[in-house]
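Which chain is which? The protein sequence lines are S and Y, in order.
So the first sequence is numbered by the numbering used here: it starts at 1 and just counts up by one.
So the second sequence is numbered by the numbering used here: it starts at 1 and just counts up by one.
Keep in mind the hints are simulated off the structure, nothing from the lab.
Glycine included, every Cβ here is placed at the ideal spot set by N, Cα and C.
Hints are supplied without guarantee of correctness; some may be wrong.
Quick list of the computed label-pair ranges, beta carbon to beta carbon [as the list claims (entries may be wrong)]:
1. Y/Glu-110 - S/Lys-198: 30 to 38 Å
2. Y/Asn-466 - S/Lys-18: 23 to 31 Å
3. Y/Gly-117 - S/Lys-66: 53 to 61 Å
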Amino acid sequence: MQVIDTFGHYVEKVCDNKPAFSRWMLKTGWKLQDARFRIAPDKRLQPADQYLAALMMDTMLMPLKKPDDCAIVSIFTPCELLQEVGLHPYNVEAFSCYLSATHTERGCIQQAENDGISETLCSYHKTFLGAADRGLLPKPRCIIYTNVTCDANMLTFRRLADLFQVPVFFLDVPMQQSDISVRYVEKQLHEMALFLEKVTGKKIDAERLTRRVARSKRTLENYQNYQHLRADRNIPTDLVSPLYCAMTNNILLGTHAEEKYTRMLLQNVENAPLKTGKHIYWMHTIPYWSAATKDLLLFKDSFQIVGDELAEACEPDFDPENPYLAMAHRCVYNYLNGDISRRIEAGIRHAENAGADGVVWFNHWGCKHTLGGSQIAKRKFEAAGFPTLLLDGDGCDRSHGGEGQTSTRLGAFLEMLEAGGNRT
Amino acid sequence: MNKTYYVCKYTPLELLKAFGGECECLNHMPEGFELADQIVNPNICGFGKALLEAVMSGNVHELVLVNCCDTIRSVYDVLKESGRLDFLYLMDVLHSTDACSRDLVAMQLEDLADAYGRYKNTSFDAEKFRSAFRMAEHKSSPHLSVMGARMGTELFEMVQKAMPLPVLNETCVNNRSVGRSAMPEGSDRAALMQWYAGELLSQIPCMRMADHTGRKQLYNDPDLKGIIYHTVKFCDFYSFEYAEVKNHAQLPLLKIESDYTISGSGQLLTRLQAFAESIGSSEASYLSDSQNSQRYPVNEAGERKHKMGKGYFAGIDSGSTSTDVVILDKNKTMIAGIIIPTGAGAANSAEKALEQALTQVHIERDDIDALVTTGYGRGAIHSGDKSITEITCHARGAHFLDPSVRTVIDIGGQDSKVIRLDENGNVVNFVMNDKCAAGTGRFLEMMARTMEMSLDEMSMRGLTYNEDITISSMCTVFAESEVVSLIAENKDTDDIVHGLNKAVAVKTAALVKRVIGQERYMMTGGVSKNQGLVSTLNEKLGTQLIIDERAQLCGALGAALFAADLI
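Work out the full structure, taking the sequences as your base and the hints as a guide.
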């Protein structure tokens, strides 16, 4: 921890005067970590999650290694089109988490706030914006984003496009679930394809795209099956694997690597021992950095996080034969789009599928939709038979910690689950 | 008949009126969020909570919302669950304005028309629709504008009252401009809705729209003389615009943030008054007429007659921690300076401090020709001739102490401010911390108490340290528990104090950056005696702060100088 702290401080220190050097530092540090994932992976994790750790690290390293081959995206942007023109997507939440893991988030957040950005903005976005302002974030080839599923998207990406002076494409997703909405998004996706062809000079092959979207469908089906099979299994997990999956199951959807990951999950689950502890289903992001959360949930047989809602934001119920319509359908029917009840009902189904005994609704600081819907969520999850904890905190910014409170709230909730026996 | 309330300028008011609806914008600020906090997490935008408060208190029965932002989406979810409204509708206005978006919005207008018509049991009246359009008149005279996030009616009235020029409300719902292009002939609803969708989408965009470059026209008005930029706590949209505007606006600019309650907004008065003072109008007198008449009798020509004494002038700075008094002689030489703790009543402490100062120089109250009050308690002191904000007084005092000063940093008991001055000591710009205590004298006071030492002791610690500790929590309460943990870990006291000083310095440096601080810097107020903090702040800002031995009296000194101007 001390080493990371020192490393983070150093990167922060040199950032203002030598941004290129600080990016090099960051790249070198992350490369070392990547090598560690490959040479000495955490053996406590199942092989699929060991593979995932390296895959995620590669994804985050790519913008530092080859920024011109990368595009900044919002997490729910359909990325198959980017992959078809050879662009590597990276998103705000994941990159900011890695900056936070490197202990460089505070300076970035401070930079954004110094510039006038509100303190109540989501800290993933503040970290990302601050990193861009300080030169820690490499200039991407282009930016593509949607309004799904937070206000911050509408602000951050436009500001980044102005800062980097790169082409930007916005995908406007209506909040109503209907065929008309899907057609509206489909039309924009065709425009997005033209935009990407223009930006990269590459042509999108319709057949390849169809195959890619079919891969997306298989990947989501695999994951859904895995979640079902894990319901009565004991699979040791850390706090970051569910988060990694929440990222890759969106931005890497359509890649061979992500499909491979879900196939490995299905292989691993066959040999997993039977469930011994309680299963927790997690809504929104996980405060992976929190010592209090680690104490209670990191590699514990008694309590395991068995899924994060962001990894299952849409169903594999689309027809890959019409890839644009399929991607549009995914956008419009994303569970975080529309009324809060859609999100909650999906959470209940997914928690049931994964054999959850309780649910944590993480009130990530600055996520107004999550905060706003939290009390309805608690009522509905509990009505469905899931004891539910509303946990206030921050997935990225340590200064919003309140570790004592996290420890007490989460600890008491887990004690309550333990005392309550199995969910019927 | 019940009114149909709305909150957003993209609401199709004219369509609702075509069905006989009576529409009113819901924009009042409640005293607090007692009812709203029972049904929603407190960390959402205050306007959303004001909306919930209004509905839950039974004042609203019909509400048409637009999916403006995540908070309004949540308000809709909560209200839908509550079943408290007779009619509740959320319209999905898109973020783009191209032809396809217009088609989709037109369809949504038809859906709303059907739902509203069913509810009201009326049908679409094309004539009512046509006559519902009203274009706002644009005044072409020098004015100030409130921009940014929506401002509650009560706060806007307070702004109007405090400003020396007329104020336009250009925030959010207030700059609605629908119906500028020619409406199609006939009464075909579908054709009218196509046109209407385009009209709604082509207004001056708000910040939730994908392309908001059209907002620039708000800033390019030649009659615009200053901007009061308003943000609402937990609404992030307009902080992005502010981040741009503050770097490019050539006009006086004040940033204020409200939580959308009446009680919370009262604290903004000091900033508003200081802004009015800084734009330098003679009309910006904050002494009420009755007070003025009492202090300065008015002659027949309407001129004030000043009582002549012995050429002494006094300033009283009534702060949250201390009350300071300065007396100047006719040569503007400081002949007395008193600092006493502010007790329970600001007026009593002021009287007491003034008495001590008079005793110090052996003069009587009647020998004082003019007295100006400043500081948080200034409104409670009735013995003054004029009341001026501490921002203007600190600037004046600092300029008097050292004319080379261009940036004043004042860390007070309950707030911190950074003030930029011009070469004449006039305020060019200023910022204050938010309501949170982080980065203020109170923060240090609380931490000193946690560490069981006095503030004086604390101010001498942390000058040298071994471990560079970072107090990561910005919240005072969380920072306190962090300090307790560090004490439990047996961390060295100097290291902890240095960490605390760093936390305050970071907050202060952020304020300095927001006003684009310039050399030379002076620190005023009681916290300037804290050597550890001064040293950390020097390091953080890369400068050498000027600390005058009269730094703590700077506000009172400025007030006394203003008093001398009165004669």
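Violated hints, by number in ascending order, as checked against the structure | When the structure is compared with the hints, none of them turns out to be violated.
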